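Residue numbers (my numbering), protein chains in the order written: chain E, 27 to 341; chain G, 1410 to 1774.
No lab work stands behind these hints: they were computed from the structure.
All figures in this text were calculated on a predicted structure; none of them were measured in a lab.
A virtual CB, placed ideally from N, CA and C, is assigned to each residue, including glycine.
Just so you know, not all the hints are guaranteed correct.
Stated by the list, open to error - Which residues of chain E face chain G? A partial, calculated answer using Cβ under 8 Å:
id : residue
1  : Ala113
2  : Ser124
3  : Ala134
4  : Ala161
5  : Asp165
6  : Phe260
7  : Ser323
To be verified - Covered, in the sense of this in silico footprint (three residues per stretch, anywhere, with C-beta under 8 Å from a C-beta of chain G), are these stretches of chain E:
id : stretch
8  : 38-49
9  : 192-201
Said to hold, decoys possible - Chain G residues, not near chain E, derived (Cβ > 10 Å throughout):
id : residue
10 : Leu1444
11 : Met1552
12 : Met1553
13 : Phe1558
14 : Arg1580
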Amino acid sequence: MWETIIQITPHAIAFTIPLLIVSLGGLYSERSGVVNIGLEGFMVVGMFAGALTVSLLAPAMQGTAIWAGLLMATLAGAVFALLHAFACVTLNANQVISGTAINMVAGALTTYFARLITGSGNIVIPIAMPRHNLAYLADIPIIGEMLFSRAYASTLLALVILAVSAVLIYRTRFGLRLRACGENPHAADAAGINIYRMRYTAVIISGALASLGGAIFLVTIAGEYNGTAGGLGFLALAALIFGQWKPIGLLGATLFFGLASTIANVSRILPYLAHIPDIVLQTFPYVVTLLALVLFSRSSQAPKALGEPYDKGRR
Amino acid sequence: MKLRLSKTSAVSLGAIGLGLFAGALLMAVTGSNPLAGFWHLFRGGLMNIERFGNSLASSTTLIFTGLSVAFAFKTGLFNIGASGQMLMGGLLASAVGLYVPLARPLLLLAMFLAASVGGGAWGALPGWLKVKFNVHEVVSTIMMNWIAFWTVSYVVPRYLRDVFLETQSRRIPAAASLRTEWLTELFRGSYINLGLVLAIAAVAVVAFLLERTVLGYELKAVGHNKHAAQAAGIDINRRMVASMAIAGALAGLGGFVFYAGYSVNIQIGVLPAQGFDGIAVALLAASSPWGVWAAATFFGILHTGKGFMTAMTGIPPTIADAIIATIIYFAATGVLIENVWDRYSKRHEQRAARRRRVDLEQGVK
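Make the full structure from the sequences, and use the hints.
So this is what it looks like as structure tokens:
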């Protein structure tokens, strides 16, 4: 049993990391009051930008190309997020419809370009992110072995982003304003906060992080861009709700989902898990999210103004 | 008598125009001739009776998913789970088609019922969660989509699998298929099938239900103003669950006509895009049932024509999806088009008023 846990943890972590970054992306947007069901689309954009950059630069830059790919993906996501921000913030559009459009535009547009570039619509990256024993951290007993030995550098990156986000959202003026925009935008406006600028910033950060998450998924697990993120963006959305819109909650939720998905993938080869039907493990994240929604329905921590376009005239 | 365009149709037409413009821009940027692209795109969907039949066959599924989304919209609910409902409807219909030995009419009826029940249950549950626990239907239908996705991935390889491929179900017997000889022959071997007849009937039934029945009136009342509807004595909770169940059943029937009409089996690992295209259809139609038919036909032509366009011009077929996605985006940002419209019609009115004044003054002289 213990052996198995040690064995599957690195896989679970590898799966958790992109999920965590994407759901952190969702956190910024939704904390500012803008629903972002376009996470899946932003991931696809990130995977496309990442795959393109890595496959172009790998011959010249080798390993550094991976990082260039992650950077380009982040930038691409930030730019693409302007579409969602423009619709939701400037034009007061229905945020769910805009998010749906984002998902569809992302898939169609990137596949269009991928077909023109490669002819097949897939972009396979020639190199992947290497696994290392992370310095010092890997030497920590038990945790080090599980989390940091033979780990991707992106694990560290994700943890840094998580920590920075937690501090930013709860301990800075920016974070206070962000939360105010999502809870009571009219009061925030009265206090002199520019709601539109805050929400634009939040949606752009959201797109950037979700695309970064997509690119990390690409360079660690997927290995190719093929026009879809396999529903991972929606899983991140589920994690955002299950984690009740809190950074530490997101860590817990994504770990939980990452573990469930990994167990679902390996259950056939593990004798004592073989009797659990796959369907139980695979639908597990969605079912527990529905259950969480039911349980927390009275005390949901969702931002109060989530999904409402800000109408200055109604103050 | 001048033809007056309403604001909603202006938004729809504006969105289509902008979507096509975005498509043209995309073709031009990537070095293709947009005129040739569109010529072949529409020719591919319309140029002969077989292709036109295929366009109608593609539109059949979209009519159902579009009706599903539009129906929920009428009650103020957003059904983003048409894909999952479609999968469950298709799964149950396929299971009945493969396992129940009945004569053709009865078998098709049983599949029809199975699809409605599968889709209906997948819609009713989010409706119930909404009224009972205040769970937002957007989130719960997204979760239900993925639960359906994995359910199909579990059930098909174990109970319905194809002899050669684990990833798809067995081909349904001819008796269980909506394809029928006279229609196929009439359209020279196209995919068109009885599903289209069902779809048009569904449009008529939904239009009748919404416009001519008490239930339809009450559902729309809930959509317009929940609180007023409640004050007027309408049981809004039951109406919302009913609306989601009917929307789910419509999408489930979309699964029936797709997996047992357009296709002959059901694949795993696919969340059908038609569920999301249904959102585009409903938005373009401004939720009117007859508008759904028109919008679905338009998208059906795009989907059928894209392969021909690719063969003739080398423009990737996903251009059709990009156009549809852009149309959704501009339909969502309808304010943009509405503003232009308002400004235009205001100027128009001012000019008309000025003209009347001038006429009046000249009359005085």
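message: Flag every earlier hint the structure violates by its number, smallest first.
response: Hints 4, 5, 8, 9, 11, 12 and 13 contradicted; others consistent.
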